[in-house]
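Undergrad: Chain by chain, the residues:
There are 2 protein chains.
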Amino acid sequence: MNYVLGLDMGGTNSVLGIVDAEGKVVARTSIKTQDYSQIETYIDALYLAAEPIIREVGGIANIRGIGAGVPNGNFYTGCIQQAMNLPWHGVVPFAELMSKRFGLPCRITNDANAAAMGEMRYGVAREMKDFIMITLGTGVGSGIVIDGKLVYGHDGFAGELGHTCADYTDAARPCNCGKKGCLEAYASATGVARTAKEIVSSSAKDTLLRQLPIDHITSKDVFDAAEKGDEVAKQIFDYTGTILGRSLADFVAFSAPEAIILFGGLCKSGHWILDPVVRALNDNVLPLWRGKVKVLFSGLNEADAAVLGAAALVE
Amino acid sequence: MNYVLGLDMGGTNSVLGIVDAEGKVVARTSIKTQDYSQIETYIDALYLAAEPIIREVGGIANIRGIGAGVPNGNFYTGCIQQAMNLPWHGVVPFAELMSKRFGLPCRITNDANAAAMGEMRYGVAREMKDFIMITLGTGVGSGIVIDGKLVYGHDGFAGELGHTCADYTDAARPCNCGKKGCLEAYASATGVARTAKEIVSSSAKDTLLRQLPIDHITSKDVFDAAEKGDEVAKQIFDYTGTILGRSLADFVAFSAPEAIILFGGLCKSGHWILDPVVRALNDNVLPLWRGKVKVLFSGLNEADAAVLGAAALVE
Chain A
1 MNYVLGLDMG GTNSVLGIVD AEGKVVARTS IKTQDYSQIE TYIDALYLAA EPIIREVGGI
61 ANIRGIGAGV PNGNFYTGCI QQAMNLPWHG VVPFAELMSK RFGLPCRITN DANAAAMGEM
121 RYGVAREMKD FIMITLGTGV GSGIVIDGKL VYGHDGFAGE LGHTCADYTD AARPCNCGKK
181 GCLEAYASAT GVARTAKEIV SSSAKDTLLR QLPIDHITSK DVFDAAEKGD EVAKQIFDYT
241 GTILGRSLAD FVAFSAPEAI ILFGGLCKSG HWILDPVVRA LNDNVLPLWR GKVKVLFSGL
301 NEADAAVLGA AALVE
Chain B
1 MNYVLGLDMG GTNSVLGIVD AEGKVVARTS IKTQDYSQIE TYIDALYLAA EPIIREVGGI
61 ANIRGIGAGV PNGNFYTGCI QQAMNLPWHG VVPFAELMSK RFGLPCRITN DANAAAMGEM
121 RYGVAREMKD FIMITLGTGV GSGIVIDGKL VYGHDGFAGE LGHTCADYTD AARPCNCGKK
181 GCLEAYASAT GVARTAKEIV SSSAKDTLLR QLPIDHITSK DVFDAAEKGD EVAKQIFDYT
241 GTILGRSLAD FVAFSAPEAI ILFGGLCKSG HWILDPVVRA LNDNVLPLWR GKVKVLFSGL
301 NEADAAVLGA AALVE
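Residue numbers (this note's numbering), protein chains in the order written: chain A, 1 to 315; chain B, 1 to 315.
No lab work stands behind these hints: they were computed from the structure. Every value quoted in this text rests on a predicted model; they were computed, and no experiment measured them.
Note that the list lumps identical chains together, so a pair holds whenever it fits in one copy or between two copies.
No farther apart than 30 angstroms at their CA atoms in a straight line, the calculated lysine-lysine pairs in the DSSO-like style are these: (1) Lys234 <-> Lys205; (2) Lys292 <-> Lys149; (3) Lys180 <-> Lys234; (4) Lys129 <-> Lys179; (5) Lys294 <-> Lys24; (6) Lys197 <-> Lys234; (7) Lys24 <-> Lys129; (8) Lys149 <-> Lys294; (9) Lys129 <-> Lys149; (10) Lys179 <-> Lys234; (11) Lys179 <-> Lys292; (12) Lys24 <-> Lys100.
Kindly generate the complete structure, drawing on both the sequences and the hints.
TA: So this is what it looks like as structure tokens:
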């Protein structure tokens, strides 16, 4: 009973890892999430893929349970509810179905919460009781830890900080959720791409980014340009970081965390994104917190963080 | 040991009550906070005022401890730190000084947290584990309860929701804290007075409010006018409620509370303020919470809530 299965379900890939008592991913496998239009066939495929790695650790009798980080996964109900990026719509009783198929107890939470959990167990938040994890990927997610515990809220859906408002004006960007001005519309990979498009097309300045097809500029492209001293690229990070930092100031006013931990693709931009974030946070936070809240990049590699965090759901 | 002393310290009055095991304020006294330029003479005056009511319940041997709700009171350190509206500046070791003078253990928290605590023990939040209390007075304060516990954060200062940003534009109102656009600058009594001044002076519409000196219109005046069908008064509440409601939508995204509880002077405006708040909350919240988060007025009378809540700090 020394191992736990940790599942990191993304809109594209689902990674299943076996985690040992020391928090190491000792074996892993993956399937394509989008290949299965039925949840039952998805779980069958996962089971098939898992069999060889389970044999590697001596069979299912050595596994205590399954923890899964899934988009819109609800810790309380064990269901996936209204996930926009998954093939299965409505309410899917995922924990129950997994538990039946594998013959193991299964707990789920959303992907950002799983990452926060991983960070708390194995990453830079190991000594922390109060921190906020912000995931900067295709969307913007969050996992909030207060007094050493993940915040689930009344219904299990707490921590949707990507959908707090970063712009209350009529000019605010529309968000995928149907609202306007959400932080996600600015600080996600998609948001950065949109900012790049707006700034490049409205600016007369010379920029390396103009050599790229304007609809396909990525945050990686912007990073590469900034590294070469491109002023427009720096302006894109300044814009993004300023919006993110002032939102973080509001999050600090809520739970007074010791640190805010940034996670996901945009972190690869390093100081180009971190510097404006820290500046805007300190410009916008109440004086009592000025200069006192750490902003850190995650200490875990992206592939393992969610698997480890999900595995940590199993007692 | 059946009684507890509960202190509600305000910028103007300090109310000290004796609370029995059933949560009733069985005796109370008060002193003027501003009459004492030294914290020691303030505490001496409090002790003198307390003596007769302590005798009423059989003497100090029947009292277990003191709980105090004080502006900028820190639960962890027992200190009042940088309170703008009190005569004593800097860091005041209030719990320690009280404890020495009364010979009783003393715990403190800030006034909004004390109100939230009172609401949880004796008010409309009795059955709730996740709610947010918003105090709408001279300023805007908040007490956040998650999983049945008050959120203090890393440093004890969590829950400053009055200083989250409600307007990120350059036209945002300055706030007393030195920042711009804080919710407090719009949804406090002072904020409503300022909105009244702005709307009355910029509108050509006939309004009862024009009969009052423009610098002294209060939320009570606006309420009285709205009750008489005054359209400008209704517009003032709409403006205030819309800003408050959309901020509440962001707070919901943080902790997914069962309810938001409004407390303090502005609540006397009843449906005039509640209706636009509820509308703006539901217009701006993620679809999954639409129509699901209760917005309630506090069930406690203002004078008792903080005394009871403070008393609840004593185990």
